[in-house]
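A.B. asks: Sequence:
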Amino acid sequence: MPSSTGSKLAAALIAGLLLSPAASSAQARSGELGEAFELERRGRYAVAAERYRSILERGPANLSALLGLERVLQPIGQLDSILPFVDSALALQPENAAIRSLELRVWGKLQQLERLTAAARRWIEAMPGNADPYREWANALSRSGDVAAARAVLEDGAADVGTAVLARDMATQAGIAGDWGAAARHWRLAVGHNESVEAPAVTNMTPAPMEAHRAILNVLSRDRHDKVGGRIAANLLVSWNRPEEGWVILDRSVPDEPQAAVPLLRRFADRAGLVRTREGARARGFAMERIAELSSGQAAQRARLEAASAFADAGERDAVERMLEQIAAEDRGGDGSRASAVASLIQVMAESGRVEEADARLLEWADRLSMDSAADLRRLVSWAWVREGTLDRAETVLGNDSSVAVLAMRGWIALYLGDLRGATDYFRAAGPRTGTRNEVTERTSMIALIQNVRPDSVPALGAALHRLIRGDTAKALEELGEAAAGIPARSGRAVVLAFAGRLAVDREDADRAEAYLLAAIAADPQSASAPAAAYHLARVYAIDGRDDEARVRLESLILEYPASAVVPLARRMLERITGGIPRG
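Taken in order, the sequence shown gives residues 1 to 584; the numbers are from the working numbering.
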């Protein structure tokens, strides 16, 4: 530890340094620079220019002040006044590339192309073998609008310092000129020289017009053994919304070494995932599958899970199962990761109609899954059995689970078995907050239908509703009519017929809709379903162009059922028919 005397001496030396004229001058310039920048930020360019000039008069090579002066002089039309300050800075630091670049930029902005050329040549003479003078010279020319001259400068520079060093700049200028074949050649060389510019290469060529795509791809992918060109082409194809074509090229362009291949594959997968199409998802899946093949342990399992997710987005069920089965068969990951994979596999099987396999997997793995995961899968498999038409097995799969979500599930099973009282009780027990908003709405609508039906058990109605959710609407409509015929006229027949009539309207089956809705009104004119049936019947007439019949039906509805909730809708439809309000 330093002595007390030593510490005091060090402190004194530091204090002296801080108070020395040079240090004080530097602090003053720093503060003045901050003030100049603040004036610039506030748009007070002329005042800021004076501050920057003041700093440069005392320190001609202050690059921050020089660049600040360039920024503020241009908007006030005084850029030429910076030139004496540039000359003073170069006199002190002739090899300062930033100051040389500033000089070229100023001459270019002033459209003084002869002086720009002279300044560039002075820089080349001062720093022979350096690519920067050619690069900045070309940029200045390009910004002034002379892209052809810029490309010529870069060609000269390539002959002097080497093509690879200037390949990126040559590619950029070729793209600006619309010479996309040349741009592709130069980008290929640039990426081969420095892999870090692969992303800029793709970004630069992405805006190429469609008619130039073939020329670019011919340059990049004509040699099947050119892996660098292949990788650029693959990523470009993704950017052009052609991800699967990109994968075909990338598949043969991946390096052999996993450490080099995996990052490239990951970047491609991420790009493909942004395309938001089935093709993009599929290409992402292929890339993640390849990453899994090149990886091991947890990394391989994660990659396979991501591949499975991508394939699921693409609707590729077989590929999903292939990925998940590979994870499930992997012993090194332990039961936790295997259980996660098996759970995903069960879900895929259930949703794709392979319900027996899903059920068997669930029985095998239920004890090794988390409680929540097992419960979710039981409901999923149960619903898959419902869709298959095997209601007894759907009930058995739920086991002794008494959660509100399962109560709702049991309600649907009871409904499809025709147990209307049981279904109502289960739905009410599940409550108004179980499941999604759509699920709650569906249960509420079904309660409104079946609570008005007597007797409490109507198997024919349950079977018709079951057929409806299985997608056979035409047959379901027929069975609903048959079920309604077996229900007493004033014990729910009207509500079932009205329900069937609305379904027929939605299905654009006008004849059946009219028959069912007329029958609903006739079955029980005093029921709550009668005005709704009348409204939908008027809809049928209006859709069919029978406006007079629609008008008569609506006027009768408004007079006979003035307190009905459908009256406002009926008035609007009537106004549209009689008053010329556009249909919509």
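Possibly wrong hints are sitting among the right ones.
Using 20 Å as the maximum straight-line C-alpha spacing, the simulated EDC-like pairs for lysine to aspartate or glutamate come out as follows [said to hold, decoys possible]: (1) K475 to D456; (2) K475 to D511; (3) K227 to E244; (4) K227 to E257; (5) K109 to D80; (6) K475 to E514; (7) K109 to E70; (8) K475 to E439; (9) K227 to E195.
Hint data in this document are derived by calculation from the structure and do not stem from the laboratory.
A.B. asks: Look at each hint and say if it fits the structure.
C.D. replies: Evaluated hints:
{"no.": "1", "hint": "K475 to D456", "verdict": "24 Å, violated"}
{"no.": "2", "hint": "K475 to D511", "verdict": "15 Å, holds"}
{"no.": "3", "hint": "K227 to E244", "verdict": "17 Å, holds"}
{"no.": "4", "hint": "K227 to E257", "verdict": "13 Å, holds"}
{"no.": "5", "hint": "K109 to D80", "verdict": "9 Å, holds"}
{"no.": "6", "hint": "K475 to E514", "verdict": "17 Å, holds"}
{"no.": "7", "hint": "K109 to E70", "verdict": "11 Å, holds"}
{"no.": "8", "hint": "K475 to E439", "verdict": "24 Å, violated"}
{"no.": "9", "hint": "K227 to E195", "verdict": "12 Å, holds"}
Hints 1, 8, counting from the list given before, are not met by this structure.
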